[in-house]
Every structure is written in structure tokens, then in C-alpha cells.
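S.K.: If you want the building blocks of each chain, they are given just below.
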Amino acid sequence: MYNPYLKPGLKLSFIVLILFCSPLSWADRVPLVAAAASVKFALQDIAEAFHRDTGKEIRISYASSGNLTRQIQQGAPFELFLSANHAYVEQLYQQQLTRDHGVIYALGRLVLLTPNESSLALDGQLNGLAQAIQQGRLQRFAIANPKHAPYGRAAREVLRQQGLWKLLKPHLVLGENVAQAAQFVTSGAAQAGLSAYSLALAPALKNTCRIQLIPASRHQPLQQTLVLLHNAGDSARLFFIYLQQDKARAILAHYGYMRP
Amino acid sequence: MDWTALVLSIKLSLTTTLLLLPIGIVFGRWLAYKQFFGKALLQTFLALPLVLPPTVLGYYLLVAFSPNKGLGLWLLQTFGSTLIFNFKGLVLASIIFNLPFAIQPMQRAFAAIPRAIREAAACCGMGPLQVLWKIELPLAWPGIISALVISFAHTLGEFGIVLMVGGSIPGETQTIAIAIYDSVQTFDNPSAAIMSFSLLLFSLITISLTFWLSARYEQTHD
Amino acid sequence: MTEAAINIKLQQRQSIPLSVQLQCQAGELLALVGPSGSGKTTILRAIAGLYQADYGVIVCANEIWQNSPDKLFVPAHRRHVGLVFQNYALFPHMTVLDNVRQSLADVPKQQSKTTALMLLKQVHLQGLESRYPKTLSGGQQQRVAVARALSRQPKVLLLDEPFSAVDQVTRRKLYRELLTLRQSLAMPMLLVTHDLEESSLLADRMALLHKGEILQTGTPEFVAAHPNSATVARLMDQQNLFTALVLAHHEQTKKTYLRWQGIKLEAAFQPQFPVNERVCWMIQSSDILLHRRGRPSKGDRENPLQGRIIEYMESNGLANIRVQVNCALKIDISIHVPLHVARRNRLGLHEDIGISLLSNGIHLMPFQILRRDT
Chain A
1 MYNPYLKPGL
11 KLSFIVLILF
21 CSPLSWADRV
31 PLVAAAASVK
41 FALQDIAEAF
51 HRDTGKEIRI
61 SYASSGNLTR
71 QIQQGAPFEL
81 FLSANHAYVE
91 QLYQQQLTRD
101 HGVIYALGRL
111 VLLTPNESSL
121 ALDGQLNGLA
131 QAIQQGRLQR
141 FAIANPKHAP
151 YGRAAREVLR
161 QQGLWKLLKP
171 HLVLGENVAQ
181 AAQFVTSGAA
191 QAGLSAYSLA
201 LAPALKNTCR
211 IQLIPASRHQ
221 PLQQTLVLLH
231 NAGDSARLFF
241 IYLQQDKARA
251 ILAHYGYMRP
Chain B
1 MDWTALVLSI
11 KLSLTTTLLL
21 LPIGIVFGRW
31 LAYKQFFGKA
41 LLQTFLALPL
51 VLPPTVLGYY
61 LLVAFSPNKG
71 LGLWLLQTFG
81 STLIFNFKGL
91 VLASIIFNLP
101 FAIQPMQRAF
111 AAIPRAIREA
121 AACCGMGPLQ
131 VLWKIELPLA
141 WPGIISALVI
151 SFAHTLGEFG
161 IVLMVGGSIP
171 GETQTIAIAI
181 YDSVQTFDNP
191 SAAIMSFSLL
201 LFSLITISLT
211 FWLSARYEQT
221 HD
Chain C
1 MTEAAINIKL
11 QQRQSIPLSV
21 QLQCQAGELL
31 ALVGPSGSGK
41 TTILRAIAGL
51 YQADYGVIVC
61 ANEIWQNSPD
71 KLFVPAHRRH
81 VGLVFQNYAL
91 FPHMTVLDNV
101 RQSLADVPKQ
111 QSKTTALMLL
121 KQVHLQGLES
131 RYPKTLSGGQ
141 QQRVAVARAL
151 SRQPKVLLLD
161 EPFSAVDQVT
171 RRKLYRELLT
181 LRQSLAMPML
191 LVTHDLEESS
201 LLADRMALLH
211 KGEILQTGTP
221 EFVAAHPNSA
231 TVARLMDQQN
241 LFTALVLAHH
251 EQTKKTYLRW
261 QGIKLEAAFQ
271 PQFPVNERVC
281 WMIQSSDILL
291 HRRGRPSKGD
301 RENPLQGRII
311 EYMESNGLAN
321 IRVQVNCALK
331 IDISIHVPLH
341 VARRNRLGLH
351 EDIGISLLSN
361 GIHLMPFQIL
371 RRDT
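Residue numbers (the working numbering), protein chains in the order written: chain A, 1 to 260; chain B, 1 to 222; chain C, 1 to 374.
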């Protein structure tokens, strides 16, 4: 009797190891979709509808468009990409990672948001915001990271246009993607922020924040682009088509997306 | 709540830990018993994950396995997939990241066995493998177990590396730590709360169980 | 050279210098004696296969265990050696019975159990087979170690200072047990020890080691009485070590004459030492006679000396006396006499005393500079 746990322990380990070495087989059949964080709630509803209509499942990975582009370049096994702008899709096309230039399926909008209980005045010209800065009532302002999030770049454009960029720069909190930027505001880490309209209509945000839609003329259009990647399977192609049909469009409209 | 992420995390931790068992034993034993040229350098390398931020390791893994050139390209052509953005890649990253947590306690455990006992075993006619099985492993077992527990717990909590080389793919690389992060980001606090709590509970149970086992073992052998 | 003997030759320059050549016969117990660092444990480990000397030829019972010219080295687990370690190195996670059974792994379970129990009985440990090593006393652990070594049916039994970790009383008991046990053993036995008394009690022959070299081999009594150098004499703990000048050798009377500090001494005939040359000489305490008080010295003819007792210690039934011989230079001679003799002669500190040095006990050695001990 040396160690009573040694032999049974090792036997159990081997069984477990063999069992778990087998890949999750269902993963191969379910297509993998890369989607910009801004389209999360809309896409979830569309995916549910897709499942009801076709019985098929899809798996979705959300991140900033820039991050997803990088992952695709590094060989991530996505089959379909929903980007928050067109430039990233073009980039991938140039690298022959996509089937074509993609389809612009919607136009995204920016909103200025602040928690319900804040005293910040919201308006399309961001005057209230300028006031708050001058009066020192604003410590932190959240946007998505312009480096890899199209909504972040659009936010920067808007702020520059209003001459607020330099003023706000020391107060900026950068979210990894546009959803995290919004989360900074709802959690109170930032007193205000610029995020996606499509996210603002989600219940969690709608009930806790006041929002102000930013006129589309203030920034380059946020062309939400849909593209199939070169290894796309049948289910992915099916979903690609589904996303351009009426039911999907209705859901997109519900979440504040404009038709292209 | 979606249990996939928790199952995936457990699967990742178990696989990593079980693979680290032979790796830890081999290296721990080798470092405990042998002197050789370059030993200090090797030990330094093995200790790197203790001090390096996970993002550094993540970066090097991304560079090494990028499918556009070199090793990544070869892997892609030979096996059809690289070692990033899939479960196998996470296992590799986890193993590398946990090397010091697995090897150092095992090394100490082996080094604590008096040399005379191993020599006495040889004089009893036991070859090196028999000495390992009958003498060294039973005596080093508590150290080996703690190495495995630490590695298991550490992998369960892994975040930085998984984020960098995993890509948050549900069922493949979206571990529960990532899933919690995602949920918080998308205002799904109830999900985040449930997942966090279940992870906490699971970790508590695992560690308590191991300590209890370890204490029982020491009782019967001390 | 009988078949069961073991032949050892080891050479090494660096780290642990070695230059030895040894043999041990079947059933013979050879003691390797020497101060720490003299290489005795290294030699034992080399025989066991736990250490590989740069150059070695080890042949035991017609098995070649090491042959450097052929680059042959049989590892420890393939040699049949029994090694009793200094701290016993018992397997702490196994019972006494299992400890002893490890060498019997390829034997059917029931048989190995019987054999092990028999061995345990041989070392007087019956009844303790289910105990764990940490619950045993030092003496019991040592016996387990011996039983374990014997279970291997070794071609040579090696003991590395196996008595050093126990107290005096236990040690004496273990000596007696070993002496009994070895009568039933047919293999050569090598005992490493730094204890001269142990060596003279247990060993048939001894090899005196110093800095990796064997200075002298022979029975312990012989080496003590006839050291071939002053270094050996020192290592054998000889107190009475001096220098002298050879005066003459007389063929007829078979005597050699020395001048020692102005005293003329008559020694045994040792003509190999040239006249008018300096030599070292020694005499054992057992060759020094005490002149009896009040009785004129009759047989106390040989090399009579007068002196004064400057140290007197009683221990273990012996009186240990240091006598300062009446000379200009203070020279001390140590003698041991039985206590009753000392008492009868009313010996004590500062008493005057007469002693005689038996000429046959004066043993000459080549000259070397002697450190003056305090």
C-alpha cells in the first residue's frame, strides 16, 4: 500500500483525457459568425428568427471590427463577418480572405448617452456637453477605441467637428469596443459617452440612460457591411441571404439602423 | 444560463492539468536530480510566465502560429488548422503559461526525497523506472497534487491569453472567464452574476476537496 | 584467489582523489578505516555502482562490474550488492516487511513474504513487520536495513558506518548481533568506519585509508602494532610516537640500539634501518610494564625509565596514565593499566613511577617530522 490514490487517480485521468481529447463535433457543423459589438442585440434577434424559420443554429463572436479583422487575418475560422464599416471588409478583400467586396446592409448611428440621474443636458450640437466640461462637471467620457472600432472613429470625428476633441482628450475612457464604451456609462465609470444607437435601444440601456441621437451628417457614414469569408459553408451562406431579407431588415430597423 | 462556457473552462483546465502531469514529472525530476550545462538558463525560461504579463506570451503565440508564414503556414497545410483560435491552441497556451506552476512544486517535491533512498532502491534491484514508480512518485505525490491543483485553478482563471489567442468563439474558446467579460460588456449582468457565482462555487469545492485529500494522505503517512 | 572474492581497483585524480587496490575473500570482513574525507565511502559507493570512478576495475564472484579499459560499467540495480547506508535510507512509506521485500519483487508474493519474515527473524525483528520506519528506534531501523540488504542475496555486503547513528549501548548490542550474523554469511563484507575500536572488534582485516590511498592493510592488531609509517601510527591513534637515532644493530643478540633523547634504548632487531640515521619509533601501551612499588625490579630489566605521573584518569576499569620521563625535555608516555593494579600500586597524580619498555614492542618506522601534540 504505497499511495491509495495513485492508481485509481491515474486511471481516471486517462479516461477523462481521452474523453476530452475528442473535439466537440457539433462545433464543426455550426457556422461561426464574427460580428461587430454594435450589432449584438439586433443580430441575436435575427439569429433567433433564423433558428425558428430554418431550425439551424449559428455561433457568434462579438468584438470590435478591427479586432475581428485581425483575427480573420490570423486565420480565425469565421465564415461570415458583419463589420461596422466598409473599410475593414475592403482590407480583407485585398488580402483575398473574402468572397467579394461584401454587402452594405445598414447604416449605423451614434448616440450621446448619460445615466438617467446625471445633470448633463443632451442636445445634437453637444452644447450641453461643452458646458459640462467647462464647468468641470465631467470627469470621464467614454468612446470606443478609435484604433480598431469604427464607432470610435466616428465619435472622434464628431467631437473634432464640434471642437471638443482636445478638451475631452484628457477625460477619455476608451472601450475595447462600442459595447464596452456604453457599459462604462451605464456602470457609472463614465459620466457620459458616445456609443451605438443600436445598443441604446436594448432594455438594459434604455431604462437606465438618456440618449441623444447624433445627426448622421456629423460623421462619415457607418456602413455596416456583411461579407462571406472564403471558407463559408452552406449554413453560413444561407444566413448571409437571410440577413438581407425582410424579416431581418425589420429587426434592424427596430434597432435604429437606417437603410443604406 | 449557458453552461457551455463553464464546461469549456473545466475541459480546458482538466486537459491542461492532465497534460502537465507527465511534463511536470519529467522536468521536475530532471531539474531536481541533474546538474547540466545551461540549467540556470532553462530554469529562468521556465520561470518566465511567472513574471511576464499574459499578453506577452499571447503576442508571441500569435506571431508564431500566424497562418501566413512559417510554422503556422506549415501547420495549416499539414493539419488544416493552426494553433490559434481553437481549443488546441488554448491548451498549448495554457500549458506554456502554467509551466512554472506545475514544474516548481514538483521539482521541490522530488528534491526533498533524500538521495540515499533512491540509491537504496537501486541497490534493491530497481531500475530507474521502478524507482520512479515505487519510490519517487509515492513520496512526491503531495507536491505533485498541489502542482496540479494550482495549475487547474490558474487555468480556470486564465483571461489575458485566452482573450488574445482564443477569440471568444462559443463552444471552442469562449471560456467562462471570457463569457463573464462579454456579458458584462453587453449589459447582461444577470448572466454575469450567475456565471461568476458558479465559477466561484466550483473553485471553492475543487480546492477544498484537494486540501482534504492531501491532509488525509499526510495523516496516513506521517 | 577463491571464487567468491571481490577485487577492486580504482584510480581517480580530481574531485575525490583515489588510488586503491583491494581484495576481500568470501566470508571475510574487511574494514575500511580512515578519517573523514579519506575516500572510504566513495570506494564503497563505487563498489555498489552508485559512483563511477574515472578508472576502475571491479570484479566480484566472477562478474565484471566495472572495467574501464572496455568502457564497461554495470549500474547499481544490476549488481547484486547489499548496502547498509549510514542513515539506513529505509523507505518511509512502506512497512518494515515491504522494505525488506523490495529486492524480492520478481518472486511470487507468498514466497517473498516468507523469505522476508525469515530475514527479519534473523535480525531479531520478528513481530515488527507491519510497523513503519519512523516508529522504530535507531537500532531497529539498522536491523531492517541489514535485512533489506541481505534480501538481495548480495555477492558482497557493504556497510557504511552503520553504527554511527546509535548510542553506545545499542551499538554494543548491534556489534554482537553482527558478529553472530556473519558466521552464517558466505559473501565478502566491507565495513566503512572511522572507529578503530569497532574495526578491531569486528574486522578480520583492515585497510587504512588516507587521502584516497591505502597506507596499510593487515589485521587490526598487526597494523596497530606494526604500522609501516608514523602517519599510519598516528591514524591508528598511537600515543607513544617518537624519533630516535639508530646506534647499532647486533646480529647475535638480535637487538637494535637507539638513542632517544639521551637515553639508550634496546629494541627488536630491525636491521633495515641504517645506522646513524634518524628513525621514528612507537610502542603500544600493552608493551609497557609498570614497576611494582616496594618490590625491587627484577624482570623490569628492559629499557627501564623513571618518571612522574602528570595525568591520571580512570575510566571503564582502566587507569589512563601519562608519565613524564625524567629528562631535560619533557617527554610523555601513555600507558593504560587495569584499575586494580593502579590502586594496588597507589598510583595517582604527581606520584613517581618506574616503567619498562619491552624491546620487542619498540617498532621502528622511517623518519618523518612529527608534529608535537599538546
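Check each hint, because a few of them may be wrong.
Quick list of in silico lysine to any residue cross-link-like pairs, SDA-like style, CA-CA up to 20 Å [to be verified]:
#	chain 1	residue 1	chain 2	residue 2
1	C	Lys134	B	Ala215
2	B	Lys134	C	Lys121
3	C	Lys134	B	Pro114
4	B	Lys69	A	Gln95
5	C	Lys134	B	Ile117
6	B	Lys134	C	Leu181
7	A	Lys147	B	Lys134
8	C	Lys121	C	Leu196
Label-pair ranges, simulated between beta-carbon atoms [what the hints assert, rightly or not]:
#	chain 1	residue 1	chain 2	residue 2	range
9	A	Asn207	B	Ser198	24 to 34 Å
10	B	Ala47	A	Lys147	25 to 35 Å
11	A	Leu201	B	Leu201	27 to 37 Å
12	B	Pro114	C	Ser15	38 to 48 Å
13	B	Pro190	A	Arg259	27 to 37 Å
14	A	Gln244	B	Leu209	50 to 60 Å
Source of the hints: derived by calculation from the structure; they are not laboratory data. Idealized CB from N, CA, C, for every residue including glycine.
S.K.: Take the hints in turn and mark each one as holding or not.
M.R.: Here is how each hint holds up against the structure:
{"no.": "1", "hint": "C:Lys134 - B:Ala215", "in the structure": "19 Å, holds"}
{"no.": "2", "hint": "B:Lys134 - C:Lys121", "in the structure": "25 Å, violated"}
{"no.": "3", "hint": "C:Lys134 - B:Pro114", "in the structure": "15 Å, holds"}
{"no.": "4", "hint": "B:Lys69 - A:Gln95", "in the structure": "14 Å, holds"}
{"no.": "5", "hint": "C:Lys134 - B:Ile117", "in the structure": "14 Å, holds"}
{"no.": "6", "hint": "B:Lys134 - C:Leu181", "in the structure": "30 Å, violated"}
{"no.": "7", "hint": "A:Lys147 - B:Lys134", "in the structure": "59 Å, violated"}
{"no.": "8", "hint": "C:Lys121 - C:Leu196", "in the structure": "30 Å, violated"}
{"no.": "9", "hint": "A:Asn207 - B:Ser198: 24 to 34 Å", "in the structure": "26 Å, holds"}
{"no.": "10", "hint": "B:Ala47 - A:Lys147: 25 to 35 Å", "in the structure": "33 Å, holds"}
{"no.": "11", "hint": "A:Leu201 - B:Leu201: 27 to 37 Å", "in the structure": "35 Å, holds"}
{"no.": "12", "hint": "B:Pro114 - C:Ser15: 38 to 48 Å", "in the structure": "22 Å, violated"}
{"no.": "13", "hint": "B:Pro190 - A:Arg259: 27 to 37 Å", "in the structure": "34 Å, holds"}
{"no.": "14", "hint": "A:Gln244 - B:Leu209: 50 to 60 Å", "in the structure": "53 Å, holds"}
Hint violations for this structure: numbers 2, 6, 7, 8 and 12, all remaining hints satisfied.
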